[in-house]
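Colleague: Got chain A; can you put chain B on it based on the hints?
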Amino acid sequence: DTAVSQTPKYLVTQMGNDKSIKCEQNLGHDTMYWYKQDSKKFLKIMFSYNNKELIINETVPNRFSPKSPDKAHLNLHINSLELGDSAVYFCASSPGVAGGGDEQFFGPGTRLTVL
Amino acid sequence: AQKVTQAQTEISVVEKEDVTLDCVYETRDTTYYLFWYKQPPSGELVFLIRRNSFDEQNEISGRYSWNFQKSTSSFNFTITASQVVDSAVYFCALSEDRGGADGLTFGKGTHLIIQP
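These protein sequence lines map, in sequence, to chains A and B.
If you read the first sequence in our numbering, its first letter stands for residue 15, the second for the next number, and so on.
If you read the second sequence in our numbering, its first letter stands for residue -19, the second for the next number, and so on.
Check each hint, because a few of them may be wrong.
What the hints assert, rightly or not - Not the full set, but computed from the structure, chain B residues with beta-carbon under 8 Å of chain A:
no.	residue
1	T10
2	Y13
3	K18
4	P20
5	G23
6	L25
7	F27
8	R30
9	F34
10	A61
11	V69
12	L84
13	F86
Everything labelled a hint here was simulated from the structure, so no lab data went into it.
Built from N, CA and C at the ideal position, the CB exists for glycine as well.
For reference, chain A alone in the conformation it holds in the complex (with noise of 0.2 Å):
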């Protein structure tokens, strides 16, 4: 049974349009994340939800929006898409913990270019 899975792998579409990517882990981890890897191999940290409660937001341009409708569940939207969003986009879990640093288990990631 796959542990985060991530949906689609691949998402081609237009400059401008509206995207989501949907995350799912079946770990009963508390905590969900959202990577963003460049065109470099280059992770950064985009967005983390602790029990529905957005915990860190870098600075990310308000066209992306994370919705978590439940703990299992953390989506990524996507407004009005730009060339630079073109990037492979990694979903993460943890138990979260207190005391932090839990190991991350990572989704296979979703390949977006935009056109």
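Modeller: This is chain B only, laid out in the frame that chain A set:
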């Protein structure tokens, strides 16, 4: 703010050679956690190790070993007798203690190429 530096962008060695990947970190916290992840050509991120700031013992797992030195703020990773399957991008990462929701700060990665 925290920072992770992996100065080696790419390393290429011949199979069976030993190779060390360097990682230097910066943080103001006394409690923090260090990680290594592997990203093979297939693209997934594979967890290798986690170490907290209070545990400076070196760790060995098969052909992999890690050397954590707080005095030099380094957490280096050595592969002994490298194999072609070790070819991947390796990321060192840091998280600070924020009570359970801290994201990882990654280095830029080292692309390791093992030639047969």
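Colleague: Run every hint past the structure and note whether it holds.
Modeller: To see whether the hints hold, each was checked on the structure:
1. The interface hint given for B/T10 is violated, since its Cβ lies 13 Å from the closest Cβ of chain A, which is over the 8 Å cut-off.
2. The restraint placing B/Y13 at the interface with chain A holds, with a minimum CB-CB distance near 3 Å, inside the 8 Å limit.
3. With 8 Å as the threshold, the beta carbon of B/K18 stays out of range of chain A, its nearest partner Cβ sitting at about 11 Å, so the hint is violated.
4. For the restraint placing B/P20 at the interface with chain A, the shortest Cβ-Cβ distance is roughly 12 Å, beyond the 8 Å limit, so the hint is violated.
5. With a cut of 8 Å, the hint placing B/G23 at the interface with chain A holds, because the nearest CB-to-CB distance is about 6 Å.
6. Here the hint on B/L25 is kept, as its CB sits about 4 Å from the closest CB of chain A, short of 8 Å.
7. Hint status for B/F27 relative to chain A: holds, with the closest Cβ pair at about 5 Å, below 8 Å.
8. For B/R30, the suggested interface contact is upheld, since its CB lies about 5 Å from the closest CB of chain A, less than 8 Å.
9. Interface hint status for B/F34: violated, as the beta-carbon distance to the closest one in chain A is roughly 11 Å, over 8 Å.
10. A least Cβ separation of about 26 Å between B/A61 and chain A goes past the 8 Å threshold, and the interface hint is therefore violated.
11. Contact between B/V69 and chain A, as hinted, is supported at the beta carbon level, the nearest pair being about 6 Å apart and thus within 8 Å.
12. At its closest, the beta carbon of B/L84 sits 6 Å from a beta carbon of chain A; the interface hint therefore holds under the 8 Å criterion.
13. Satisfaction of the interface hint for B/F86 is found here, the shortest Cβ-Cβ separation to chain A being roughly 4 Å, below the 8 Å cut-off.
Consistency with the previously given hints fails for numbers 1, 3, 4, 9 and 10, ordered from lowest to highest.
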